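Peer 1: In this text, residue positions in the sequence shown follow my numbering: the first is 2, and each later residue adds one.
What the hints contain is simulated information worked out from the structure, not anything from laboratory work.
Owing to the predicted nature of the structure, the values given are computational and were not obtained by experimental measurement.
The beta-carbon is built from N, C-alpha and C at its ideal position, and this holds for glycine as well.
You may find that some hints are simply not true.
[Stated by the list, open to error] Computed spacing ranges between beta-carbons, pair by pair: (1) T247 to P141: 37 to 45 Å; (2) F168 to D105: 38 to 46 Å; (3) L249 to A102: 19 to 27 Å; (4) D200 to P47: 15 to 23 Å; (5) D167 to G220: 38 to 46 Å; (6) R237 to T69: 18 to 26 Å; (7) F123 to G65: 26 to 34 Å.
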Amino acid sequence: MRDETAKAALRIAAAIVFVAAGVPAARADEIEPDRPEVTESARLVPRGALQLESGLAYSRERRGGRPTEETFEAEADLRIGLWHDLELNLGWSPLVRVRGADDDTGIGDVTLGVRYRFVEGFEDARWPPHLGVKVFAKLPAAEEPIGTGRPDFGVLLLASFELPHDFELEVNVGAAAVGQTRPNGYLAQAIATASLSYDITPSLLGFLETLFNSADERGGRGLLAVNVGLVYRLTRRLAIDAGVQTSLAGQGPDHVVRTGLSVLWR
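All chains should be modelled from the sequences, with the hints used to inform the complete structure.
Peer 2: Next up, the structure:
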């Protein structure tokens with residue numbers, strides 16, 4: 002199953018490159034989805050705009066002494082531009098299928114978030130910065146093994162830097178209070194991610210991302226992973242993507258394959 006999934010991801014990535022070579026370039030400054038990266042941007046959707054970032058994800062995790070857990074998930078994140086420097090995020094997984102020690106199929110948790118940008122990049126700066134903050138809360142809609150049945154809360158500092166030669170660096174640093182059930186309570190979790198992207202063509206973007214978070218359960222371990230992928234803008238308001246994440250150390254999915262579609266309405 003893992004080989005078939007990896008091959009499917011490579012086919013999707015190859016298709017994106019093929020399309021990029023044969024379709025006229027779109028304006029790259031219109032739709033800028035976060036997915037399939039995990040790092041969240043300090044660039045906000047325009048005021049009055051709606052941006053839906055949706056997709057599918059397959060993950061596989063092996064733990065010693067336990068059956069391999071496979072998860073298939075449909076993902077959706079709605080980004081709403083409330084004001085020039087304020088954005089509302091509504092995230093939900095309408096379908097989650099888990100196969101492993103415990104099998105289950107159902108809906109996933111709902112995540113609410115607000116991004117506020119307090120510095121907007123300007124042309125005269127050497128590395129034009131965009132700086133912001135995001136506060137979020139995960140509302141439990143699913144019990145184990147899909148969710149924890151407990152709410153989570155967190156805050157992220159967001160930074161985006163336009164670098165020379167069509168590179169861009171995005172960084173997130175923050176913390177979360179992760180709900181626990183045995184016993185009930187909360188566990189403090191550190192979060193740090195960084196993504197370096199490059200405009201291969203005016204419409205095609207590639208990225209390399211590193212991810213770290215401390216343990217999300219008592220007695221667990223943190224996770225260090227790398228994520229690579231492509232985003233292709235079909236039009237000024239439509240983009241497709243594909244990405245593959247691999248664990249380097251710690252406890253978490255061995256592999257995550259993502260592919261999706263993002264749409265901007267203005």
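Peer 1: Flag every earlier hint the structure violates by its number, smallest first.
Peer 2: Going through the list in order, the structure violates hints 1, 6 and 7 and respects the others.
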